[in-house]
Structure formats: C-alpha cells, structure tokens
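Put chains V and F on the given structure of chain H with help from the hints.
So the sequence lines, in the order shown, correspond to chains H, V and F.
Under this note's numbering, the letters of the first sequence match residues 1 to 206, in that order.
Under this note's numbering, the letters of the second sequence match residues 207 to 569, in that order.
Under this note's numbering, the letters of the third sequence match residues 570 to 1255, in that order.
Treat the hints with care, since some could be wrong.
According to the in silico footprint, chain H covers these stretches of chain F (three or more CB under 8 Å from chain H) [as the list claims (entries may be wrong)]:
(1) 703-709
(2) 1001-1013
(3) 1026-1033
Quick caveat, the hints were computed from the structure, so don't treat them as lab data.
Just so you know, these numbers come straight off a predicted model, no measurement behind them.
Cβ coordinates follow ideal geometry from the N, Cα and C atoms, glycine included.
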Amino acid sequence: MSILIAILVLGGMCLFFGALLGYAAVKFKVEGDPLVEQLDALLPQTQCGQCGYPGCKPYAQAIANGEAINKCAPGGEDTIKKIANLMGVDVQPLDESHAQDNTPKVAFIIEEDCIGCTKCIQACPVDAIIGAAKQMHTIIADECTGCDLCVAPCPVDCIKMIPIAQTTHNWQWDLNRINVKTIDADDYSNKQSNNVKTNTTEEVNV
Amino acid sequence: MAFFIASSPHEHNRNKTSQLMRLVIYATIPGVFAQWYFFGWGNLIQISIAVCCALLTEFTVLSLREKPNGKAIKHQLFDGSAILTAVLLGIAVPALAPWWIIVIGAVFAILVVKQLYGGLGHNPFNPAMAAYVLLLVSFPVQMTNWQPPLSLMSTHLDFANTLSTILTGYTNEGYSVAQLRTHIDGYTMATPLDTLKTNLTLGLTIDESRKNMVFGENFALGWEWINLGFLAGGLFLLAKKAIHWSTPVSFLLSILIFTFIAYTINPGMNAPTMFHWLSGGTMLGAFFILTDPVSGATSVKGRLVFGALAGFIFVIIRHLGGYPDGVAFAVLLCNMAAPLIDLYTKPRTYGQINSNNTTKELT
Amino acid sequence: MGSILARIKQGRWWKFHGGIHPPEQKFLTMHKPIRNLPLPKVLVLPLKQHIGQKGDIQVNVGDNVLKGQPLTNSPHPMAVPIHAPTSGIITEIKNTLVAHPSGLSELCIFIKPDEKEEWVARHICQDYKQLSAQEILTKITNAGIAGMGGAGFPTNVKINTKVATKFLIINAAECEPYITADDLLMREHSSEIVDGIKILNKVLSAEQILIAIEDNKPEAIKALKKVTGSLDNFHVCVIPTIYPTGGEKQLITRLTGLEVPQGGLPSALGIVVQNVATCFAVADAVINDIPLIRRVVTVTGKALEKPQNVWALLGTPIKHLLTQCGYQKQSPEHLIMGGPMMGFSLPSIDISITKTSNCILAPSTKEIPKDNNEVDCIRCGQCADVCPSQLLPQELQWFAKAKDHDQLQKFNLFDCIECGACAYVCPSQIPLVHYYRIAKAEIRQQQQQDLKAEKAKARFEARKQRLAQEKIKREEKHRKAAEARKAAMNSNTAQAKDAKSAVAAALARAKAKKAQASDDNNDKKSQVSAAIARAKAKKQAKDGIATNKTTTAKTSDRLTKEKNADDQEVLDSITSSNTETTKPNTKKQNSNDNNNETATKEKVLTKAEKIALAVAKAKAKKAAENSSTHHTDSNLNSIDNDINNQNNTDDINAKKQRIAVAVAKAKAKKQQQSTESKNNQSKESS
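One chain only, chain H, in its complex shape (with noise of 0.2 Å):
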C-alpha cells in the first residue's frame, strides 16, 4: 500500500511538472536564434573569410551549427574563449591552418603602381576602398577591417597591409616596451648636442 502511495505521488508530481515545462515552453518560447547574434557580436567583423565562410554572419551560423570554433584568424585566441565561453567548449588552439599574428593592420595602397584595375574594389567586403576603372585606388584606413581580401586580387602587387602603428592615443600603458634612450656620461656634460635622435619606426602612422 504504501509503495502504492508513494509511486501515486511521484508519478503526480511527474505529471505536474512536465505539464509545467510544457507550458513554459510553449508561454516563454524564445523566437529566431539568438545564439548566432551572440555569436556574430564576438567575431572581429573584419569579413575576412579567413574561416571558409563569407563573411562573420555565415560563419557565426555555422559555429552555431557544431562548426569548429578556431577558425578565426583575425580573432585570435581571444575570440576563441569567448566563444569557448559562449558555447560551453573547451578552448581550442588557433586552426593551424589560419596560424597568422593577428596585429591589427590596415590595407595601404601603393598609389604609384596602381594601375587602377578596380579588382580590389571589388574584393573589399566593406567597400572600404575607393577609385574608379583607371583611376588610382585608395583605401579609406579607417574603414579598412585589415582582412587582406584586396592583396591577392591585386594584378601589380601594389597593396601592402601595415600594422597599424603605435602613437600616443593608442599607447596602452606598456612601461616595458619604451624605448630608453642612454647617453654617454661624458656626452651628458656638453651643452646641447643638437642630435636629438627619433624614435624610428617602420610602421606607417594611419
């Protein structure tokens, strides 16, 4: 009898709270995908391809699918995490295939060799470059997602991506890599050396 019981009541409650979970179900449904947006807002946007897929959208959509997650390269290990994190995975190393550094770089063209073909043009996924058949192409920098899409259709070679150099509004605070300058002891004491040595660097200010 009391088995009786006892089954009646766990069976009852069974019922009541899948009849609840129904309901919420059905009351609470979520409507499209958002894991794909949540997705598609941790990815670079830099439309690179890069992952096979054209664009951050499609490839969002294919994570979401059971894609695998290490095929941005612009992304970095960063990205990765994230995603990792979004997904509930284990974070994978950068597919091998995609192992490139990951600075942030812009486009830039060489204005002398452009022969103004409008190939680049037509790679570029967020018409960041102008020009016109004939004419010279240029790459608005701010615009540029640094996919690199433009060089391999470029006939003359003529475009360069250049990491984006370092200036004071976008120093981020690295004591470590400050170029310290040391004087001779003796050169200290005559008066106004007038060689006031620059800090070359080979990136280009964008």
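This is chains V and F only, laid out in the frame that chain H set:
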C-alpha cells in the same frame, strides 16, 4: 646611463606587508606573556613547534609552486604571514596537547587552508582558526585537555616537565595529563568556560558554578589576564593603525549587547558580559583573528557587519552550542559570509547618484 | 547656495572621502624666487601640448619667426595654436620624443633662437574692462591657452559654457608634494592673477569666486588676501592640506559639498574650475597680448644642487633646466615630469617643456626608491580607506589582473582619477594605478574595436544588400529585354514573321552543319585538338622552366618527356606556334629580371618604365599561377591523348572530344592574345 621608467605614484609610504605582520606578532607578546605566567611553558613550546612546521610546509609548497619568473621564495617565506598563523595556532591550542596535534594543525593551516587556495591573500578562511576547528573536531579529547593555572596544580610543572608532557604525554615524574589536571581534592579541573557548560547541564546556576576555584577571585583565573594582555596588544595595533577599529569594536559591542540581553532574561543561566569578554579566546579573536584582512570584510561598513555577526554567532554558540568557546566557529562562519557582506556594503562611488542600482545589477 | 556661502565665510569645509598626507617636500623650492634662465640653444615645440587636436603648421623649415608668432593654426575648436617662444629660425620639423608617458614621438618644430628676442607686433590692451566677452574669448583662443594644472584642456572651450555659472573656483591648492610653481606665482604676481580672474569672470559672470588654497602656503595666502581684500565676491578659501585636494572633483566637494555627477562635468553644477597659472596666462594674453610661451616650472629633487622655480620658455629641453639647476647624475637616472604622485617618468633628457609641465622632479636614488617588491594583496582595505573616489581598489586590482572588463566597469573603474593614493598606502606595494591604467586603455581599445566591428558589419551588410539589388536589377533588365524580344517575335507583323522564319532557318542550317561536322570531321578535329593541347603542354613546360618559380624540376622533366614522346607526329603543326611562344617567354624572363633589379635598386622610374613594370608584375603573377596549375593541365592533356588513342566512333567519346577541343581552343586563344599584347607592349616599352 639607463633611465628608470615607472608608473606613478613614484612616492610610497614604505609600509610593507611583512612589517604589518611583524607588528601583529609583536602585539601578541603581552597575551603570550600572561599565558606563560599563569600556565607555564606549554604554549611557548606549542608556538615554537607550530612556527617550525609552518615555515617548513610553506617552504615546501612555495618550492613546488615556484614559477620561472616568481619572486624569491625567501621573500615570501618570511613575509610573516605563515609565522603569524603558527603563533596564533600555538596560542589557541591547549598548552599540554601532544606535539602531533600542533604539527597536524600547522601543516593543515598552511598547506590546505592557505596554499591550496592560492597562497597569501587568497584563502577564504582564517588558517589558524580553520586548523583549530579541524583539530577540535578530529581530536576532541586532546583538544579539551586544558591545563589548569599553575597555582592550582598539585605538581610543579617546569620547562622540562612541560616539554616531556607535550612530547611523550607524561611528565618526568610519570604523571599523565589527566593526572596533572586532577585537583588535590580529587576532581578534574577544566577551563572556566568548560566548567560553566558542564555545571549548567548539571543544573547548577552561574553563581554556584563561579564558586569553583578555576574562576578565581574575578572572572576566570589566569584567563582574564591573558585576555587583558591580548586587549593591550590589540590597542597597540590600533594605535599603530595596523588594524582598523571597526571589527573589534563591533565584535565586542555585539557580544555586550547579546550577552546583556541573555543576562537580563535569565541571570541564573547566563554569564555576565565581563566574563565572556575576559574568558576563552574573546580578545584574541577580536583583535588578532577577526581583523585578519584576507578572510574578513573590506569596507568599514562591511567590517562593522562582519564583527557584529561574529559576536552574535559567538554568543549563540557559547550559550546554546555544544562547545564551550565559540570564537573559532564564529570566525569561520563569518569568513564564509564575508564576500556576501562585501557585496552588499559596497561604498557609493563619488558622483554616483544611486548606489542601489549597481547592487541590484550585481545580484 | 546661501548656506554654502555661509559655510565658506565661516571656513567650515566639507569633507571628501579618503586622502593621504605624503611628505610635502616643498621646502626645497618654496623659499627661493622664480628665476629667469638664459636662452637654450634650441627649442623643441610639440604641435600638440594639450588635450584635443593639433593645429596645422603655418611655417616652414628655414623661416625666421618672431617672438609670439603663431606657428600653428586650426579652425577646430579643440585645437589651440602654439607660438614661437622667442625669435629665431626654424631648423627642423620632425617627429621627436615628446612629454608623454609612452615615450613615443610626435611632430615637433625646432627653433634655433637668434638671441634678439624680437616681438611680433603686439596690441596692448589698455583697459580690458572695455572688451566684450567674445573679444576676450578670441584673445584667449589666439593666445593658445590650455589648462596649466596638468590636463591641458583648452581654456576657451572650458569657459564657453552655456550654463549660468554660480561659482568660479580658482584652483591654487597645489596638493602634490614638491611642486611650488603656483605658490611662487601667487606670491610674485598676485595682482596679475586677480586681473586674470576678473577677465575670466567677464566671460563667465559667476556669482562668487572661490580661490582655493591649501594652508601650507601662508605667504601666497597673505598675498592673495591683500589684493582681493576690497573685492566682495572674491573668497580666499584656506583649506586643510590633504592629497588630492587639487583634484577638480575633490576641490568642488571640499568647497561646496556638491558632487560632480558620474560622467558629468562641473559645469552641470554651475561650477567652473580654473588653475591659478591659467589665470596668470589669461591676464598676460588679454592685457599684454603675450601668448602662452612661458610658464613657471618647479625644478626640484635632491639630485639637484640648486632646486628652484624657473620661468621656462615652452619647448625648453629638460636638459637645459637640469644643467642650470646643478643636476647630479644618478644611476639609474630617474626623471619625473609632474609630481611624485601623478607625474610620469621620462625616457630621455631631451624632452621639452610643454604647456602642462609644472614640475621636473629629479629625485636622488634614496629619495624615491626603485625597488618593486610587489607581493600578493592581503585585502587590508587601506586603499579603499584613502580612495577619494570611494572605489574599492583591491577589488578593481583583481578584476584588472583577470581582465574582467565587465566587472571593472561595474565597479566604476572609470571614476578613478589616478591620484595614486591607493598605491601610496598599499603595504603589498602593488602598483595599483598602473593596473588601472592598463585596464582602462584596454577597455577603451575594446570599445573602439567593438565600434569598428559594428561599423564593418553595417558596411558589409550594406554591400551585400547593394550587390543583391544590383543582381536583381540586372536580372530585371535581362528579363525585360527578353520579354521585349519575345513580344516582338509574337506580334503578328510581317517583320516579325520574317525574323522568325530567318531565325528558324539559321537554326536549321546550324544543326545540319553540326551534324555533318560531327559525322565527317571527327578524326580531323580530334587530331587538331590533340596538337593544340600538346602545344600548350609544351609551352607550359617552357613557362615552368622560364619562370623557375614554383615548378619543381620533376614536373618540368615529366612534361618534357611527355612532349618528346608524343609530339613527334605533330611536330610540324606546332612549330609555328612554338616559335611564337618561345620568344615572349624569354622576353618575359628578361622583364622579370629587370623587375627584380629595379625593385632592388629602387630607381626612379619613368612613366613608361612604370607601366612596363606593372605589366611585368601582372605577368609574373599570372605565370606563377600557371605553373602552380600545371598538374591539372597536364592531366587534362593526358586525358586528351587517351581519347586520341581510342576508337573514335563512340558517340560519347566524340562529345568529350568536342568539349576538350573547345577548352583547348579557348586556352590557346588566350595564350596567343596575351603573347601578342605582350609583344606589343614590350615593343612599346623598348
């Protein structure tokens, strides 16, 4: 000639954590002196064993954890935190407890409570108190074999006898700890708190219990002076600004309020405030344990809540709990509550209109 | 307002949270007058010496400039001009180290003084009371005045508020240890400062003027009280000395009990705060028409024999100041621009004084130790006790180390004023402010990146939409054209009928021809196709050899063998094309070599050469691509050969062959075209 690059501020008041720790250790001297005066060498021996074990454990763990770019082990070993933990544990254990008690305690405090949580600054619990509770729960017999004050003992307990008792369990003359605790009249002496608890279960009132000679003329023979010693040390720390006034004040006030309530309700069954203040580990807890910054609350408001909560739990345990003293348990329970207290006592940032908003967001 | 004024008059100040009492060390310089220095050999003027934009350069290298002549100019409101501090010649305009904690370079103008001190034409204002607010604003803007307390916010922007100003607070607190520049300026030029305040107040028309000064400057207080004694809305507020009283927000709270709302500006409360040195500069600019070309700098520290306040021209190299003050070199050298609490270390001694540099601190090695004994935080909470912004520095520190940006923002990291009080008291000697700065920079960068990503996404979506629309439009156009044709066909006019029948006839003819061709010419055609295919293979083998880029010797060997084996029978048919292709190949190689040479030598190219170079580059690239696709091509060729050897009666085979022929033809054509154009162009270029 190279230029030195550093981030501001370039000036520093040149206080060091190790100095702070050293100051706290010095501040225990009056209390330890009183302990020595009334109870003999026992606790000093316990303290020395504890310090050795703690340093050894700390050294082992630091060697294992050493990172390639880590700071020198020596630097961390002698930052004073391990020594302080050992000193507090040595003070807290019964003077004649066998040597392995303090060894287990010290190793547990450093290895498990401190280092396994990430080392200095990362332990959620006070190491000394956590180890004390471990010992109390695991070895109740050894941990309740409290030695009566020297003046009440039939045997003369000198240094050699104490050492021998701690190491072998017997004095040189062959007395066991149990025999040492026996009064000339033939009954076993306990701490005042123990006596009170036992007598209450036997149906005796407080006033009747206090006729027992372990209570002495005032509140608790020996213990009152030990507590006053720790109070003096605590006041020294306050004067040196090594600890903040908030925690001890709120703790002692909280004890005052709750014991006063209990005493007014039933004076026969509840001891007066002064007894609670000056017996057991109250002052040690108030000035040396609860003020441990690592496991306590951080803001002033938080510390006030923290101390008051500790006082409340302390009174509850002493009055209603199974153990005679409640400092260690109160501290551990409050350690657990500290993060929550911190969360709800976050100060209002300058210029912030409504601090409730952020608190809500956080929860 | 009334009660605030009452309290101010009684000298009862509000309290702000926290604060510290670092050793003041002002005795080093506070008893000596401000000294005038001889001219340095060179002045280095960074274009940007304030918060905002840099102006456009108005001068060229080699120009002679007069004292006070503007060097930059910009219509942008956040760009303040800079002026020549003395007369001289501009020797250089280039990037060099500037006074910034990063030790990075910015564009600077180098002036070699000619020691004549010739002024530009000045318009000295006899009575500034006659000037309108707008005139004063223009004068301040043209004088290039930016806040001289440290941040360097353009003064003209700050005083141009739309909100009615209740309090004009003059910040003379100077709470940082060591610095006495404002103290000395107040003692020596109190009447000019009051003139400056009056000028500012003509623009602001504040109800009350509060001059806040810490009680450790008795002489300055006396001087100010003397000159403001007769003025009724001036209040010299003597406030207790505690660091960081001089912080704008802290000062406002101290004097008025009000708090600047989070993320807001003091002007929201009807308060404007100006530095006392700025007031002096304003007076100089408006009355004497002297732009901001000099400032008082405290040169102090125990590494100096004669620490003193000096009048330094903007652009004076620090080396000059230190030499004048008897600098004893330390090892390692440690120079701080600004005070010991908020200043930054300098990476070089050649950096120059800017509008915001109020102090050069050269401490001895003992004075400011350089050991960094950072240990773990023990949560002692001392940092939270001294934080003037009432933050929880220890919590922030943990979040900063864990790079938990969300939590950092929830704990109001951006309300940190970087005063350094927390790091000053930290017993664990954690460089807390440094962690916050890094975290702040990271968060700012992250925000910028997010913004950029958002923009990129929008642009990408817009582009996708545009492409889709273009496609639809194109399809629409085609459809319409087709429909028009159809309509024309279907309409029952005679013309349409004619056209229809003509089309039908043409189709029939084509069919018939096709059938015939497939019946009769199968063998012939397949032979031709094979020949062309082989020719192509051979050419590619040569390409591979000629370019020598990616093709391995093995591939080319195989190709050559293939050629030798198969080509005997059709040698005749391909001889002509072979000779045709060989020539340009060699040419191409030459041009490649040229290309390399020119690239390495970096010659200045003529236009024609440039074109040739561009073409050569394109070809080289194509050739590289070709050689990389050799494998597939040779596969195709072998398929062709197989087809050749088989019995050709099979229908499917015939079809396959036709396809192969088409492909081969297309390829051959392309090849020919390119060689032709190549020939033409190489002729042109030569």
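Results of checking the hints against the structure:
1. Counting residues of the region 703-709 of chain F whose beta carbon lies closer than 8 Å to any beta carbon of chain H gives 0, which falls short of the minimum of three for the stated coverage.
2. Against chain H, the region 1001-1013 of chain F contributes 5 residues with a C-beta closer than 8 Å to a partner C-beta. That satisfies the three-residue criterion, and the hint holds.
3. A count of 6 residues in the region 1026-1033 of chain F with a Cβ less than 8 Å from any Cβ of chain H is obtained; the coverage claim is therefore met, three being the minimum.
The structure fails to meet hint 1 from the earlier list, while all remaining hints are met.
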